[in-house]
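For the record, the sequence lines run as chains A and B. At position 285 of the first sequence (counting the first as 1) the number is 285 in my numbering, and the numbers step up by one without a gap. So the mapping is simple: my numbering equals the position in the second sequence, first residue as 1, plus 391.
One or more of the hints may lead you astray.
Within a straight-line C-alpha distance of at most 27 Å, the following computed DSS-like cross-link-like pairs (lysine-lysine) qualify [what the hints assert, rightly or not]:
| hint | chain 1 | residue 1 | chain 2 | residue 2 |
| --- | --- | --- | --- | --- |
| 1 | B | Lys-557 | A | Lys-31 |
| 2 | B | Lys-573 | A | Lys-60 |
| 3 | A | Lys-31 | B | Lys-447 |
| 4 | B | Lys-557 | A | Lys-60 |
| 5 | A | Lys-31 | B | Lys-395 |
One side only, chain A facing chain B, incomplete, derived with CB under 10 Å [claimed, not checked]:
| hint | residue |
| --- | --- |
| 6 | Lys-21 |
| 7 | Lys-31 |
| 8 | Gly-57 |
No lab work stands behind these hints, which were simulated from the structure alone. Glycine residues also receive a C-beta, built at the ideal position from the N, C-alpha and C atoms.
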Amino acid sequence: MDLTREEESILNGEQGEGRQKAMELVTALGKIYGAEDLIDITSAHLSGASYKTIGDGGLKYLEDMVAGGAKVSVPSTLNPVGMDRTRWKEMHITEHFAEKQLRIIELYGSMGIKTTCSCTPYIGPNVPTLGDHVAWAESSALSFVNSFIGARTNREGGPGALAAAILGKTANYGLHLDENRKPTVVIDADIDGSIFSYSLLGQAVGMAIGSGVPYFRGISPEVEEAKTLSAAMAASGSVALYHAEGVTPEAGNYDVSGLEVIHIGEDELKAAYDKLNTVDDIQLIALGCPHLTEKEMHQIASFLKGKKKVNKDIEIWFCTSAEVRDKCPEDVKIMEEFGPVLADTCMVVAPIEGTFERTGTNSAKAGNYLPTLCSQKAMCRDITKLMELVM
Amino acid sequence: MIFKGRMISSGKAEGTVLKLDEPLSFLGGVDGATGEVRVGNGGNVAGKILVFPKGKGSTVGSFVMYDLMVHGKQPAAVINESAETIVATGAVISSIPMIDSIPSINIFEDGDRVTVDADAGTVEVHDVQYREVVSSAVVMDGRVLILKRPETNRSFPGKWSLVAGKIEEGEKPIEAAKREIKEETQIDVAGSDAVLRPIYVREGNVLFKVYPFLFRVAYADPIINEENEGFEWIEPEELLNRDTVTDTCTVVKQMLG
């Protein structure tokens, strides 16, 4: 790989061991994926924040990084953690878990990372612009900024994104390069346009193509729909970038004639639905994967206003970021009649397997991960259908 | 014997090989506190030269490798055929020497004594003899010619094989292939119809680098010499039912699809 003199000196340890380690990691990954050089980044978003997922090995790694003086050099945000940092008792979290989790947040914070703990930093404190090179982990968020904003990032892992954040550089390969951002397949989508239909669409596309760069025709997603679609395709497949005709900023750059066309309609959505639904009765309804936006909070609150929760056997969690929660106190008041509005966390990275066995959600992403990461049987339905179960 | 690979994580190490034949997920596959392997034939990675094809599974696997290091149970080095993000990340953050892009993990067997110099991108396998050989599938009407080795044969006694033999000093592999076919069967073949990348086969302390070839013939009537005690033309699928020299089936499958 072609390194500048400055980059070489970091690799040789002339700027300390922390930066040397970071450079070793970024160059090793660059080598694996055939990068010719490094590229400056404008922001980073880090995963590997929940004590449930990273465990004691991850915690010790962070302790060692901080002891080595690691600091990020570009604006960086953090993914959701395993609990709401103030309301964790309502989530049935143990003291032991809470102590470790709070330490992890503290460690990330001391490296200069903004500990908003959200998977939707792009609507909050970390907003890339068209053409920015960034290093983002969190598959749903990186797909959103690649696709809907036109920033450029690969699917970074937690330590890789942290190393890039420390250096302000990442390896220049994959989706940083024009040639890898071209559509590989056309998706003719026939959906009703509801948020839930975007979940099923993403699930169906991930199942159909696995990876690649789909080019959608027939959809007009706004932020919430794009967020849902990004999350679903990154979970059922490994899609990190898509284009939507007339909607996303890079879609107009490409001539898609000659590409394979896949139709996604009623039959495919039904197959996606069946794949995500493995249980008929549930103990928890968890919404906010990815985190609820202000608009969604308002929609949910409007729907719930004046209604009553009668089924006490089902708990409800609403997951969002602290920023969004603070911005809509009226909505929160209505929603709290049904269940806690939790910040910093979600049903996938919280240790819910200690409390629940069957969980309902409206998110295809959660529908994919609840069985594997949380040992849950999952139900995946539209929000109103889920709420009917408790009213 | 020294093989060239590519440095992924720097450092040097010497030790004995623990080899896993399947892609490995450190999360679930290895206990971070003890180093015990929970998949395949088990074993413990601590202090071993850990050889496996590639990583797979959860990205948390990188932190399992860090956990091993914290507990002093990390492998002395990691060797992969092709590195991916999870294991590469784990090796770098845990300061475990790692190389990839070696010709094949079939070079190694459990217990081999090896020296890894990741900075030079090399791995030396000690105490093995190395031989370069050819192995040819001679095919007539879709049937493959196989030869039966005598029980007294030095390598792979009593097994069925393709037309195989040692490459002589200064000889090109294709020349050796034609010569062996002529010597062992009296068949004259023209140019090869397919050439595969060499494969590696171990038999005890002997490491064979095998150059595979495919020759299609319109008609041939083999006359075998003393090196074999019989021959047959068989359907490729039938090979699975025969006691063959290691990797014969793989070679034929790759050449004939």
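Right, here's what the structure says about each hint:
| no. | hint | in the structure |
| --- | --- | --- |
| 1 | Lys-557(B) to Lys-31(A) | violated, 37 Å |
| 2 | Lys-573(B) to Lys-60(A) | violated, 65 Å |
| 3 | Lys-31(A) to Lys-447(B) | holds, 18 Å |
| 4 | Lys-557(B) to Lys-60(A) | violated, 53 Å |
| 5 | Lys-31(A) to Lys-395(B) | holds, 16 Å |
| 6 | Lys-21 | holds, 7 Å |
| 7 | Lys-31 | holds, 7 Å |
| 8 | Gly-57 | holds, 3 Å |
Going through the hint list in order, the structure does not satisfy hints 1, 2, 4.
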